[in-house]
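K.L.:
From first to last, the protein sequence lines are chains A and B. Residues in the first sequence are numbered from 11 upward in steps of one, following the numbering used here. Residues in the second sequence are numbered from 17 upward in steps of one, following the numbering used here.
Treat each hint with caution, since some may be false.
Straight line, CA to CA, 30 Å or less: simulated DSS-like cross-link-like pairs of lysine-lysine [stated by the list, open to error]:
#, chain 1, residue 1, chain 2, residue 2
1, B, K187, B, K199
2, A, K330, B, K187
3, A, K510, A, K211
4, A, K448, B, K199
5, A, K615, B, K62
6, A, K426, A, K438
7, A, K448, A, K251
8, B, K163, B, K62
9, A, K654, B, K187
10, B, K199, A, K106
11, A, K630, B, K47
12, A, K120, A, K50
13, A, K615, B, K163
14, A, K654, B, K163
15, A, K426, A, K448
16, A, K203, A, K615
17, A, K203, A, K411
18, A, K153, A, K551
19, A, K211, B, K199
20, A, K450, A, K203
21, B, K137, A, K630
22, A, K412, A, K491
23, B, K163, A, K120
24, A, K575, A, K551
25, B, K187, A, K120
26, A, K330, A, K269
No lab work stands behind these hints: they were computed from the structure.
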Amino acid sequence: MKSVKQLISSAWRALFGDTMRAFGIVSVILMLTLAIAPAKDHFSQWHGYQNGYLAMIRERGDAISLRRRFEPGIQQIWHPEIGVVDRCETCHEGLKEASLADVTTQPFRKHPVIPHPLDRYGCTICHRGQGAATTVEEAHYSKLAGVDPILPARYIESGCGQCHQNALTGTPQLNLGRQYLAQYGCVNCHMVKMPDGTVMKATDDPPSLEHIADKTTREWIFTWLKNPQAYAASATMPNYKLSDADASDLSAYLISSSKPLAGDVDTTIIPAAKNADPSAGASLYGESFCATCHAVQNAAGNLVGGDVGPELTRVGNKVKPAWLQAWIENPHSYDAHTLMPHYRFTPQQVATLTGFLMSKSDSDYSTDVHLGTATAAQIAHGRKLVAELGCAACHTINGVKKPDNFAPDLSQIGSKPLAQLIFLPGMKQTLPTYIASKIKDPSAFGPGMKMPLLPLTDAQRESVTTALLALSERSQTMPEKLRIPGVHQTTYEPAGRAGKLMADLACFSCHRINGHGSDLAPDLSLEGSAVQAQWLDSFLKNPNTLRPALTRRMPRFNLSDADRKTLTDYIMVAYQSPNIDPDKAPPAVNPPALVEQGRQLFYSKYACQSCHTANTNTDKGYIGPVLAQVGTRLQPAWIYAWLKNPQALRPGTIEPNQNISDEDARAMTAFLMTLKSPGKQEGKQ
Amino acid sequence: MTRRPVACAVLLLTTIGTGCKHPSTSSSGLKPTATGSAIVVSSGDKQAAPTGSVLANPLVVQVNDDQGNSVTGALVEFHGPAGVLFDPAAVLTDSSGQATTAVRLGTIGGLYEVSATTPGKSHPVTLQIAETALGYQQQLGSILQDKYCSRCHDPESSAAQVSNYDNLAVKPHAFTDGNTYNKMSNADMLSIIQHGGPALNRSALMPPYGNTLSPTDVQAVIAYIRVMADPPYRPAGTVYGQK
Numbered sequence: 011m012k013s014v015k016q017l018i019s020s021a022w023r024a025l026f027g028d029t030m031r032a033f034g035i036v037s038v039i040l041m042l043t044l045a046i047a048p049a050k051d052h053f054s055q056w057h058g059y060q061n062g063y064l065a066m067i068r069e070r071g072d073a074i075s076l077r078r079r080f081e082p083g084i085q086q087i088w089h090p091e092i093g094v095v096d097r098c099e100t101c102h103e104g105l106k107e108a109s110l111a112d113v114t115t116q117p118f119r120k121h122p123v124i125p126h127p128l129d130r131y132g133c134t135i136c137h138r139g140q141g142a143a144t145t146v147e148e149a150h151y152s153k154l155a156g157v158d159p160i161l162p163a164r165y166i167e168s169g170c171g172q173c174h175q176n177a178l179t180g181t182p183q184l185n186l187g188r189q190y191l192a193q194y195g196c197v198n199c200h201m202v203k204m205p206d207g208t209v210m211k212a213t214d215d216p217p218s219l220e221h222i223a224d225k226t227t228r229e230w231i232f233t234w235l236k237n238p239q240a241y242a243a244s245a246t247m248p249n250y251k252l253s254d255a256d257a258s259d260l261s262a263y264l265i266s267s268s269k270p271l272a273g274d275v276d277t278t279i280i281p282a283a284k285n286a287d288p289s290a291g292a293s294l295y296g297e298s299f300c301a302t303c304h305a306v307q308n309a310a311g312n313l314v315g316g317d318v319g320p321e322l323t324r325v326g327n328k329v330k331p332a333w334l335q336a337w338i339e340n341p342h343s344y345d346a347h348t349l350m351p352h353y354r355f356t357p358q359q360v361a362t363l364t365g366f367l368m369s370k371s372d373s374d375y376s377t378d379v380h381l382g383t384a385t386a387a388q389i390a391h392g393r394k395l396v397a398e399l400g401c402a403a404c405h406t407i408n409g410v411k412k413p414d415n416f417a418p419d420l421s422q423i424g425s426k427p428l429a430q431l432i433f434l435p436g437m438k439q440t441l442p443t444y445i446a447s448k449i450k451d452p453s454a455f456g457p458g459m460k461m462p463l464l465p466l467t468d469a470q471r472e473s474v475t476t477a478l479l480a481l482s483e484r485s486q487t488m489p490e491k492l493r494i495p496g497v498h499q500t501t502y503e504p505a506g507r508a509g510k511l512m513a514d515l516a517c518f519s520c521h522r523i524n525g526h527g528s529d530l531a532p533d534l535s536l537e538g539s540a541v542q543a544q545w546l547d548s549f550l551k552n553p554n555t556l557r558p559a560l561t562r563r564m565p566r567f568n569l570s571d572a573d574r575k576t577l578t579d580y581i582m583v584a585y586q587s588p589n590i591d592p593d594k595a596p597p598a599v600n601p602p603a604l605v606e607q608g609r610q611l612f613y614s615k616y617a618c619q620s621c622h623t624a625n626t627n628t629d630k631g632y633i634g635p636v637l638a639q640v641g642t643r644l645q646p647a648w649i650y651a652w653l654k655n656p657q658a659l660r661p662g663t664i665e666p667n668q669n670i671s672d673e674d675a676r677a678m679t680a681f682l683m684t685l686k687s688p689g690k691q692e693g694k695q
Numbered sequence: 017m018t019r020r021p022v023a024c025a026v027l028l029l030t031t032i033g034t035g036c037k038h039p040s041t042s043s044s045g046l047k048p049t050a051t052g053s054a055i056v057v058s059s060g061d062k063q064a065a066p067t068g069s070v071l072a073n074p075l076v077v078q079v080n081d082d083q084g085n086s087v088t089g090a091l092v093e094f095h096g097p098a099g100v101l102f103d104p105a106a107v108l109t110d111s112s113g114q115a116t117t118a119v120r121l122g123t124i125g126g127l128y129e130v131s132a133t134t135p136g137k138s139h140p141v142t143l144q145i146a147e148t149a150l151g152y153q154q155q156l157g158s159i160l161q162d163k164y165c166s167r168c169h170d171p172e173s174s175a176a177q178v179s180n181y182d183n184l185a186v187k188p189h190a191f192t193d194g195n196t197y198n199k200m201s202n203a204d205m206l207s208i209i210q211h212g213g214p215a216l217n218r219s220a221l222m223p224p225y226g227n228t229l230s231p232t233d234v235q236a237v238i239a240y241i242r243v244m245a246d247p248p249y250r251p252a253g254t255v256y257g258q259k
């Protein structure tokens, strides 16, 4: 005890025995303390990277200019209004150096070209991670609660989606993901409120089941419920992995709750259906362009056709002939809002198509189930299941109300705190992994999980995850000026008799007009300024194709003369371009010299024949419409305006704007207006 | 003065790959029942996909014996540069001698050389396969050229798109044709795309896109043509560095 005391006092004396000595020692301690901060910097990880960067650029041809632009110390991009404090450039020194594009050692590589300057929005807005951190671990892989780790590159488009609610050309994966959320009916159960305030709407158009017993049998419903994709590979209905008993009880309830359609359909089969020529059915199916909307699996197992309507590979296994006949006759009497047009087939045609479609059945597809008559207990249990599984969230079902908020709101799923997620054992604990795994196999997350398994491929799941990650908290709090709203369907409906006709013909299932409709076929908002009335009338009577390379085509409806006139008159008057003044139109008939000058320009200066066929004997261009009869189809004012600026009339059209002078445009309009002879391609169907 | 080649991305990606060529998969527990002496591509090579994504079609290689007959039950291991993932990374050839794997590309855009190796009778046999990862700009270019250019420039028709190539009196080149495009400077490319064939004294069948596509879009298409070039494009200027 004593010796310790002695030791301390002798040490004290040795260090601070006299004033000089004490002063020296205190100074040394002070200097060491002051050196801590620079030393910490010196030995810090980022300092090591900066030295590595300097060593790397020293070897390069542009070392001097790279060195001049190098900035030592902590670098920071700071944008408080969007919550960005990013120090990533402290280590990623070469991000803005164009000449470092070939570098593959990170963190020195140049950032790939993107549409925004890096300084404007920082890094974490797209990549996530911790911008303020200055160590590799903290910046990229932080496991702190409520903290984002870096986003795997495959989901990077989710960053774009936080501001861009519209579909960008450069973000296909994000666009597809959003499309799938609507198309696979996710948003029937989940609320997705986009940052622009709109609520995402489903596009899967699930059928109403109010009259299901008219359409099909309990046995088919049973088989379908057990595995929808066994009936149609393209079905978007999820597989609920139901037990036989549950599927049987559900089918019992659906059949028992079904009400025969008021003013019931004529159930007598038109006799011709029985002995209809099978090849007549196939050709009528082809001529009516059913394949534009409906797919059928071919012998090689590939789906051929569109996905607007249901796949028809095994439709004969599903529907009752009487129902099908009534449907083809007029689908609107069964479903007033169906996307399917009322074709106005003759009774003979209805019979032919019914016979043709009923023959599309698959003997391997098992409807060989016999369920007998349903008991009251089965029906009651079926009803309970309908409510539990949330069937009515998608389908209209008699006796069960559409549930509100059946599944969790996903409007901010992209920032869901990890603490609120339940991970499976062995799973990487990140939000993207959670979302992707949940979609891939919901049942793995617990037996009580109501979320069904959606028939998505790996790539589709990656897209959906991208779209969901874009629904971040940041996307909601982004300053208004940075937000690019989505393009949404308008509620435009044409009025009057023409409006009624257009609804009956389901024009909007393919065409868009004034922001309402689909993009399968040309936008008709300016059609009245484009075409000649007489041509329109004859086209509606017999739509021959203008673009030989297209497989989707306008079907022929058996329209009466009066109906055609109603439509033509309406389109010619209502769908006019405000920018085309018919009074200032170039004349339709012109002096031969001008026509000849236009012809020269068409073939040599502008080489239009590379895409168009003006003379069916000599030209072969196969991209744009055939122009052999354009003089009877289009109005001169439209041709002139189109030549001057095609994109102004149809945004996104691939016809290049060739910056054609007024004079050249006038001459070519004169030439095109002389093209009136039906070429050989026009005649044949 | 020391001159040191600074290899372009293509080469470096390959080099990184070499670094990673450890047989991480022989621990997979696969028991080969046969060995082959050659390995060839069946399908899935020369694909392009966005960085970090899985190639649309799987990579399929076939193991053959000396007579060129397929070998069943031979071990095939797949290797690639850093960031490339194979599912599975090792597999036994099936009854038709084929080994199939899904390829996830790395996060850096550019050409990737991946390899498939089979043990062979005396020494391992390795096959090099090229795949392309498209960064944002190249992917944008890919989408744009598909919409605006491919019908003339790609002689192949697809179900969705009928080629117009055969109808053209002067034939354009497919964008993968490195021998043609690697000789063109970026400035010439920009010029012919923006102002049409006549800008370079070429045919007017090549239309001008300068009023239709923004300069950013045209740059994106050029970036796409550059990354797709076969043989690969090596920009002049960055090949040699000096101290």
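K.L.:
Now tell me if each hint is right for this structure.
P.N.:
To see whether the hints hold, each was checked on the structure:
1. B:K187 to B:K199: holds (17 Å)
2. A:K330 to B:K187: With a Cα-Cα distance of about 55 Å, the restraint between K330 of chain A and K187 of chain B is violated, given a limit of 30 Å.
3. A:K510 to A:K211: holds (25 Å)
4. A:K448 to B:K199: Violated - the C-alpha atoms of K199 of chain B and K448 of chain A are around 50 Å apart, more than 30 Å.
5. A:K615 to B:K62: violated (38 Å)
6. A:K426 to A:K438: Holds: K426 of chain A and K438 of chain A sit about 16 Å apart, inside 30 Å.
7. A:K448 to A:K251: holds (16 Å)
8. B:K163 to B:K62: With a Cα-Cα distance of about 21 Å, the restraint between K163 of chain B and K62 of chain B holds, given a limit of 30 Å.
9. A:K654 to B:K187: Within the cut-off at roughly 27 Å; holds.
10. B:K199 to A:K106: Holds. K199 of chain B to K106 of chain A sits at ~27 Å (cutoff 30 Å).
11. A:K630 to B:K47: violated (58 Å)
12. A:K120 to A:K50: holds (28 Å)
13. A:K615 to B:K163: holds (24 Å)
14. A:K654 to B:K163: With a Cα-Cα distance of about 21 Å, the restraint between K654 of chain A and K163 of chain B holds, given a limit of 30 Å.
15. A:K426 to A:K448: holds (14 Å)
16. A:K203 to A:K615: violated (52 Å)
17. A:K203 to A:K411: holds (22 Å)
18. A:K153 to A:K551: violated (67 Å)
19. A:K211 to B:K199: At roughly 50 Å apart (the allowed maximum being 30 Å), K199 of chain B and K211 of chain A break the hint.
20. A:K450 to A:K203: Between K450 of chain A and K203 of chain A the Cα gap is close to 23 Å, so the pair holds against 30 Å.
21. B:K137 to A:K630: violated (56 Å)
22. A:K412 to A:K491: Distance of about 37 Å is beyond 30 Å: violated.
23. B:K163 to A:K120: Status holds; Cα separation ~29 Å.
24. A:K575 to A:K551: Holds, at about 10 Å.
25. B:K187 to A:K120: violated (37 Å)
26. A:K330 to A:K269: Judged against 30 Å, a Cα distance of about 16 Å means the pair holds.
Going down the numbered hints, you'll see the structure goes against 2, 4, 5, 11, 16, 18, 19, 21, 22 and 25, while the others check out.
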